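**Q** Here's the letter readout for the chains.
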Amino acid sequence: MKHNRMTRRELTAAGAALTASLALGGARGARAEIKSGDNPEASEIWHKVRASLFETRPITNVGDDTLLLDAPVRAEDAAVVPIAMRAKLPHTASGYVSKLYLIIDNNPSPISAIFSFTPQSGRADIETRVRVDEYTFVRAIAETSDGRLLMRTRFVKASGGCSAPPGKDPQAALASVGKIKMRVDGEVVLDKPTLVQLMISHPNDSGMVMDQLTRQFTPRWFVRTVKVAYGGQPVLLADLDFSISENPNLRFYFVPRGPGRLTAEVVDSNQTAWKSSLDVAPSA
Amino acid sequence: MLSTLPRHAGALLLCALLHVAAQAGGEPVPLAVTEVAPGVYVHAGAVEDWVPANGGDIANLGFVVGSRCVAVIDSGGTPELGLRWRAAIERTTRLPICFVFDTHAHPDHVLGNAAFVAAQTRFVGSAKFNAAMAAREPYFLRALQRDFGINATHEAMVYPTVAVNGTQEFDLGDRILVAQTWPTAHTDNDLTVYDRQTRTLFASDLLFVQHIPVVDGSLRGWLDTMPQLARIDVALVVPGHGPTRAGGPDAWKPQQEYLEALLRETRAALKSHQTLSQAVDSVGVSAASRWQLAERFHRRNVTAAFAELEWED
Chain A
1 MKHNRMTRRE LTAAGAALTA SLALGGARGA RAEIKSGDNP EASEIWHKVR ASLFETRPIT
61 NVGDDTLLLD APVRAEDAAV VPIAMRAKLP HTASGYVSKL YLIIDNNPSP ISAIFSFTPQ
121 SGRADIETRV RVDEYTFVRA IAETSDGRLL MRTRFVKASG GCSAPPGKDP QAALASVGKI
181 KMRVDGEVVL DKPTLVQLMI SHPNDSGMVM DQLTRQFTPR WFVRTVKVAY GGQPVLLADL
241 DFSISENPNL RFYFVPRGPG RLTAEVVDSN QTAWKSSLDV APSA
Chain B
1 MLSTLPRHAG ALLLCALLHV AAQAGGEPVP LAVTEVAPGV YVHAGAVEDW VPANGGDIAN
61 LGFVVGSRCV AVIDSGGTPE LGLRWRAAIE RTTRLPICFV FDTHAHPDHV LGNAAFVAAQ
121 TRFVGSAKFN AAMAAREPYF LRALQRDFGI NATHEAMVYP TVAVNGTQEF DLGDRILVAQ
181 TWPTAHTDND LTVYDRQTRT LFASDLLFVQ HIPVVDGSLR GWLDTMPQLA RIDVALVVPG
241 HGPTRAGGPD AWKPQQEYLE ALLRETRAAL KSHQTLSQAV DSVGVSAASR WQLAERFHRR
301 NVTAAFAELE WED
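For the protein sequence lines, the chains are A and B, in the order given. So that you can map any letter, position 144 of the first sequence is 144 in the working numbering, and since no number is skipped, the others follow by simple counting. So that you can map any letter, position 130 of the second sequence is 130 in the working numbering, and since no number is skipped, the others follow by simple counting.
Because the hints were derived from the structure by calculation, they are not lab data. What you are looking at is a predicted structure, and each value in this text was computed from that prediction instead of being measured. Don't take every hint at face value.
[As the list claims (entries may be wrong)] Straight-line distance between alpha carbons at most 27 angstroms, and here's what the computed DSS-like set of lysine-lysine pairs gives: (1) Lys-88(A) / Lys-157(A); (2) Lys-88(A) / Lys-192(A); (3) Lys-157(A) / Lys-227(A); (4) Lys-271(B) / Lys-179(A); (5) Lys-192(A) / Lys-253(B); (6) Lys-179(A) / Lys-227(A); (7) Lys-157(A) / Lys-192(A); (8) Lys-181(A) / Lys-271(B); (9) Lys-271(B) / Lys-275(A); (10) Lys-48(A) / Lys-157(A); (11) Lys-192(A) / Lys-181(A); (12) Lys-181(A) / Lys-275(A).
[As the list claims (entries may be wrong)] Across the chosen pairs, the derived CB separations fall in these ranges: (13) Lys-271(B) / Gln-171(A): 25 to 31 angstroms; (14) Glu-155(B) / Asp-64(A): 44 to 50 angstroms; (15) Glu-155(B) / Ala-175(A): 34 to 40 angstroms; (16) Gln-228(B) / Val-267(A): 38 to 44 angstroms; (17) Thr-93(B) / Ser-176(A): 45 to 51 angstroms; (18) Gln-256(B) / Gly-147(A): 54 to 60 angstroms; (19) Arg-74(A) / Pro-52(B): 14 to 20 angstroms; (20) Thr-66(A) / Thr-161(B): 56 to 62 angstroms.
Just so you know, even glycine gets a beta-carbon here, dropped at the ideal spot from N, CA and C.
Excised from the complex, chain A in its bound form (with noise of 0.2 angstroms):
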């Protein structure tokens, strides 16, 4: 129950925190446009949303060995960028990374997804794919249960030219909204972290796509929280930005205390909900 509570609560605040994003987006007129990946520090986006989410809190730079983000130097497909954030920390009831951050300075709303985690977790461990829209400092921030906060920063070169962020074929994709797909992969095991693929059918617009002949924005749609629990304990709670790619496709963890289901529900910008479940029986 407790952290039915606590789940709510950080849901609003993310939520406050993502529409901030945006406004930050909005008013961010002459960004300076970033070439290299010399100084994330020089990054103006950056101390804005750091302000926005953390205040003065300490934030402490770390390696991969503490904070592993995984992002391609140079994005193939800027639509469709394959990103993951795995802390090594322990991860035990008394001691946890209970936040993943994702943000991506340049996109015209930075605070790309908050993840939380539970003990019942058992890793902060998730890959999903982005949308990238110019050259631009990833960052991965774990905030973990005693409250400190823990940085790992990337560059990424997103691909211009035909790598558009629209979709490739509109219509097709407005067929299947909705449609989940949830699976374990590898062999489930009593008490040992599981991973879970989740994928959603979701056009996921930005709205910030102006159709240049109607001079209007197509409307902003796109899946804004994913709540994952097993046996009714949560697991993961995602709110989720439209920088995060068509079709939003999540792997993360959870550690199975006996046979369950997993369920998931999906809400998007519309308040559309869907669920999916999946009947887990770990082995021994």
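Since the structure of chain A is already known, use the hints to place chain B on it.
**A** What follows is chain B alone, placed relative to chain A:
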């Protein structure tokens, strides 16, 4: 369905562009053309990426001359290239240009449109072209500015006013061109142009030769479409990139082999529960090695294939 407003705006812009060209050193230098069949001309773009070093001159462009007027197939990769392309056409024939076919909404093929705006000229594209172009336009403009140093605006973007859905005939005077749209393949707005008189098919980017094929629509759609394209009675096929070939199944074979390998190996990667990052390192490496620009586009193709095929049941 023709609107006069864009034409006027375009005409003004054309004046501005000509002015710029004149300032930069006189008349635009005409692009090189080859008459590949009687009355059918091709400018061969470089088998390279769309970059400033080649002036964006990478797509194959064509024009076909009838007794009454001329049809242009693609306008070039920058506004300036459009002017050079127009100069090449006007050096060959004095007949007016009645149609400009935009074969799909990619910058290397259509950013020269503004150079062709004229009262007698109609722009033709797939019924899905305008939506695709409108969504990508800001990115094209940004790329022109960032990479080519060209400050183009929305007004420089000319959109087709004749929308083709299926097949449609266009009369150049004693010569009929057949424009045809296809299910989502290279893009969702591919258009081919076929000259009945010489049996020449302008396949545009539905066919790549030497230049590695680029999937920006649907891999499965492309593989389904290719056999239909290969069955058209064709003497000559002009690809979007790479040398013109004799028609027939052999012209399509290398591309088919590559796309089939991409399909097969991506499915295998998905079946063995590889992640996207793992798949881009392993899928189709050998098949891609036979193509130019593989290092630039192959991993992107795997990404596109993976995102498409992971939803197969």
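**Q** Determine for every hint whether it applies to the structure shown.
**A** Status of the hints after comparison with the structure:
Distance check on the hinted pair: Lys-88(A) and Lys-157(A) sit about 26 angstroms apart at the alpha-carbon level, within 27 angstroms; holds. In summary, the hint linking Lys-88(A) to Lys-192(A) is supported, as the alpha carbons are separated by about 16 angstroms, within the 27 angstroms threshold. Distance hint between Lys-157(A) and Lys-227(A) is unfulfilled; the C-alpha atoms sit about 31 angstroms from each other, more than 27 angstroms. Distance check on the hinted pair: Lys-271(B) and Lys-179(A) sit about 20 angstroms apart at the alpha-carbon level, within 27 angstroms; holds.
For the given pair, Lys-192(A) sits about 49 angstroms from Lys-253(B) by alpha-carbon distance, which is inconsistent with the 27 angstroms threshold. Annotation: proposed proximity of Lys-179(A) to Lys-227(A) holds, straight-line Cα distance about 16 angstroms (limit 27 angstroms). With a C-alpha separation of about 37 angstroms, the suggested pairing of Lys-157(A) with Lys-192(A) is violated against the 27 angstroms cut-off. Restraint check: the Cα-Cα separation between Lys-181(A) and Lys-271(B) comes to about 15 angstroms, which is no more than 27 angstroms; the hinted pair holds.
Annotation: proposed proximity of Lys-271(B) to Lys-275(A) holds, straight-line Cα distance about 25 angstroms (limit 27 angstroms). Taking the CA atoms of Lys-48(A) and Lys-157(A), the gap is near 22 angstroms; set against the 27 angstroms cutoff, the hint holds. A distance of roughly 22 angstroms separates the Cα atoms of Lys-192(A) and Lys-181(A); the hinted pair therefore holds under the 27 angstroms criterion. Proposed proximity of Lys-181(A) and Lys-275(A) is supported: the alpha carbons are some 10 angstroms apart, at most 27 angstroms.
Between Lys-271(B) and Gln-171(A) the Cβ separation comes to about 28 angstroms, which falls inside the hinted range of 25 to 31 angstroms. About 48 angstroms separates the C-beta atoms of Glu-155(B) and Asp-64(A), a value consistent with the hinted range of 44 to 50 angstroms. Between Glu-155(B) and Ala-175(A) the beta carbon distance is about 35 angstroms. The supplied range of 34 to 40 angstroms therefore holds. Under the hint 38 to 44 angstroms, the C-beta atoms of Gln-228(B) and Val-267(A), about 42 angstroms apart, fit the expected range.
For the hinted restraint 45 to 51 angstroms between Thr-93(B) and Ser-176(A), the CB-CB distance of approximately 49 angstroms keeps it satisfied. For the pair Gln-256(B) and Gly-147(A), the beta carbons lie near 58 angstroms from each other, so the given range of 54 to 60 angstroms is met. Checked against the given bound of 14 to 20 angstroms, the beta carbons of Arg-74(A) and Pro-52(B), roughly 18 angstroms apart, stay inside it. Between Thr-66(A) and Thr-161(B) the beta carbons are some 58 angstroms apart, a value that agrees with the proposed interval 56 to 62 angstroms.
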